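J.: Sequence:
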Amino acid sequence: MHIENVELRHIKMVLVSPFVTSMGTEYDEEHIIVRVDADGVTGWGESVAEGTPFYSYETVPTAWHILQDFLIPSILGKDIASIDEAIAMYAKVRGHMMAKAGLEAALWDAFAKTRDISLSRLLGGTREKIDVGVSIGIQSSVAELLKKVEAYLAEGYKRIKIKISPGYDLQFVEAIRKEFPDILLQVDANSAYTLDDIDIFKKMDDYNLLLIEQPLGYEDIFDHSKLQRELKTPICLDESIHSLDDTRAAIELDSCRIINIKPGRVGGFTESKLIHDYCSSMNIPVWCGGMLESGIGRAGNVALASLHNFTLPGDISASKRYYKEDIVEPEFLVNPDGTMDVPKKPGIGVEVNMKMLEKVTVRSISNRL
Numbered sequence: 176m177h178i179e180n181v182e183l184r185h186i187k188m189v190l191v192s193p194f195v196t197s198m199g200t201e202y203d204e205e206h207i208i209v210r211v212d213a214d215g216v217t218g219w220g221e222s223v224a225e226g227t228p229f230y231s232y233e234t235v236p237t238a239w240h241i242l243q244d245f246l247i248p249s250i251l252g253k254d255i256a257s258i259d260e261a262i263a264m265y266a267k268v269r270g271h272m273m274a275k276a277g278l279e280a281a282l283w284d285a286f287a288k289t290r291d292i293s294l295s296r297l298l299g300g301t302r303e304k305i306d307v308g309v310s311i312g313i314q315s316s317v318a319e320l321l322k323k324v325e326a327y328l329a330e331g332y333k334r335i336k337i338k339i340s341p342g343y344d345l346q347f348v349e350a351i352r353k354e355f356p357d358i359l360l361q362v363d364a365n366s367a368y369t370l371d372d373i374d375i376f377k378k379m380d381d382y383n384l385l386l387i388e389q390p391l392g393y394e395d396i397f398d399h400s401k402l403q404r405e406l407k408t409p410i411c412l413d414e415s416i417h418s419l420d421d422t423r424a425a426i427e428l429d430s431c432r433i434i435n436i437k438p439g440r441v442g443g444f445t446e447s448k449l450i451h452d453y454c455s456s457m458n459i460p461v462w463c464g465g466m467l468e469s470g471i472g473r474a475g476n477v478a479l480a481s482l483h484n485f486t487l488p489g490d491i492s493a494s495k496r497y498y499k500e501d502i503v504e505p506e507f508l509v510n511p512d513g514t515m516d517v518p519k520k521p522g523i524g525v526e527v528n529m530k531m532l533e534k535v536t537v538r539s540i541s542n543r544l
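Basically our numbering = 1-based index in the sequence shown + 175.
No lab work stands behind these hints: they were computed from the structure.
On a predicted model such as this, the values are computed, not experimentally measured, just so you know.
Among these hints, one or two may not hold up.
Unchecked claim - Ranges between beta-carbon positions, derived for each pair: (1) K401 x E179: 20 to 30 Å; (2) D374 x K520: 44 to 54 Å; (3) H177 x Y382: 38 to 48 Å; (4) E179 x G226: 26 to 36 Å; (5) K499 x E260: 38 to 48 Å; (6) N510 x D371: 18 to 28 Å; (7) G199 x K377: 21 to 31 Å; (8) K519 x P236: 28 to 38 Å; (9) N510 x D259: 28 to 38 Å; (10) E500 x V268: 26 to 36 Å; (11) H177 x R404: 45 to 55 Å; (12) K499 x R538: 31 to 41 Å; (13) L251 x P356: 54 to 64 Å.
As the list claims (entries may be wrong) - Once the Cα atoms are required to be at most 20 Å apart in a straight line, the calculated EDC-like pairs of lysine to aspartate or glutamate come out as: (14) K401 x D357; (15) K353 x D381; (16) K495 x E325; (17) K187 x E205; (18) K407 x D371; (19) K304 x D516.
C-beta atoms are modelled at their ideal positions from N, C-alpha and C, and glycine is treated no differently.
Whole structure, please, built from the sequences with the hints as guidance.
T.: If you want it as structure tokens, here you go:
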């Protein structure tokens, strides 16, 4: 596949409502859309680096710099026979996983289209539908949280995840369990706690949680092993897992019993598949996390989640959960049974709405031969 053009677009999409986590409040989402033109096809990817360095050290400006000055020059004008060959061309760039993942996603889409198969099939997916859940930000009151949980359950979501932080935790779990005793429920701390807070998580053991996501430090693996020994509820690691090596360390230390795979966090679908396969061999379930992606990134997540070991519902909500109007057609919907259809058309399986993409574009640059 001959790489003829790589375009970057900095986009900014307004959220339908503020999204509150222990890291702060988001009112809009800034990402980078990557377009690759090669051999008569166009591949689309999304770098999920955000406008702030609160989830990751990567931001839109840093990812733009790495893409424009290092990753794109390494492949532009080259003939690439496989994804692995492309990755090898920029392997000397250390870190910057979100920048790499955006470019790699566009290449995966292009390769799938040249083969006239879906991205799901190219990745090795086995499902036509995936189970999906919803993530609810920190709410100002128990009453408001229960109202949102009820509404999302009515929409069909199979699993509810709530964000927690010190002072906004146990009382919310207790209230949801009292009102909805049988739903799949998990919590996500986004690294807001320390081992000094162990009693809070021991109390959560009584509420039949599916998992506790990233309770401790965002780079930590070791302290999570101490916490997991004290709990019946499985810990799931997110921010701490950047690679297959991190995954191996976490599992061997028993720091977690579930892994959240986000392609952007680990550098793309290739590393995601390696983590997925290793976890499968160790009987560790995985699920696909979300970064408030547009429909381009969401399409990639859906395809990835069709692999066999994604056995827990992921954070792959309907387009309308976050945006009044998505930048793809058709937009992603949740079926009444709590599933989402895996696109069957070539590549990511949806069309980019160029008019809407232009509307949300802050700046763009084209690198054409």
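J.: Now tell me, hint by hint, if it's right for this structure.
T.: Hint-by-hint comparison with the structure:
Separation of K401 from E179 is about 52 Å and departs from the stated range, judged on CB atoms against 20 to 30 Å. Take D374 and K520: their Cβ atoms lie about 51 Å apart, and the range 44 to 54 Å holds. Here the CB-CB span from H177 to Y382 is close to 56 Å, at odds with the stated 38 to 48 Å. A C-beta distance of roughly 30 Å is found between E179 and G226, which places it inside the suggested range of 26 to 36 Å.
Range check, K499 to E260: Cβ separation about 40 Å, and the 38 to 48 Å hint holds. Remark: the range hint 18 to 28 Å for N510 to D371 is contradicted by a beta-carbon distance near 43 Å. For G199 paired with K377, a C-beta distance near 28 Å keeps the hint of 21 to 31 Å intact. Between K519 and P236 the CB atoms are about 37 Å apart, so this pair conforms to the stated range of 28 to 38 Å.
Between N510 and D259 the beta carbon distance is about 35 Å. The supplied range of 28 to 38 Å therefore holds. For E500 and V268, the Cβ-Cβ distance of about 35 Å falls inside the hinted range of 26 to 36 Å, so the restraint holds. For H177 and R404, the Cβ-Cβ distance of about 53 Å falls inside the hinted range of 45 to 55 Å, so the restraint holds. Between K499 and R538 the beta carbons are some 22 Å apart, a value that contradicts the proposed interval 31 to 41 Å.
Checked against the hint of 54 to 64 Å, the pair L251 and P356 passes, with Cβ atoms roughly 56 Å apart. Annotation: proposed proximity of K401 to D357 is violated, straight-line Cα distance about 29 Å (limit 20 Å). In summary, the hint linking K353 to D381 is supported, as the alpha carbons are separated by about 12 Å, within the 20 Å threshold. At roughly 17 Å between alpha-carbon atoms, K495 and E325 fall within 20 Å of each other, so this suggested pair holds.
Between K187 and E205 the CA atoms are separated by roughly 4 Å; this keeps the pair inside 20 Å, and the hint holds. At most 20 Å may separate the alpha-carbon atoms for a hinted pair to count; K407 and D371 meet this at roughly 18 Å. Distance check on the hinted pair: K304 and D516 sit about 5 Å apart at the alpha-carbon level, within 20 Å; holds.
The structure does not agree with the numbered hints 1, 3, 6, 12, 14 stated previously, though it agrees with the rest.
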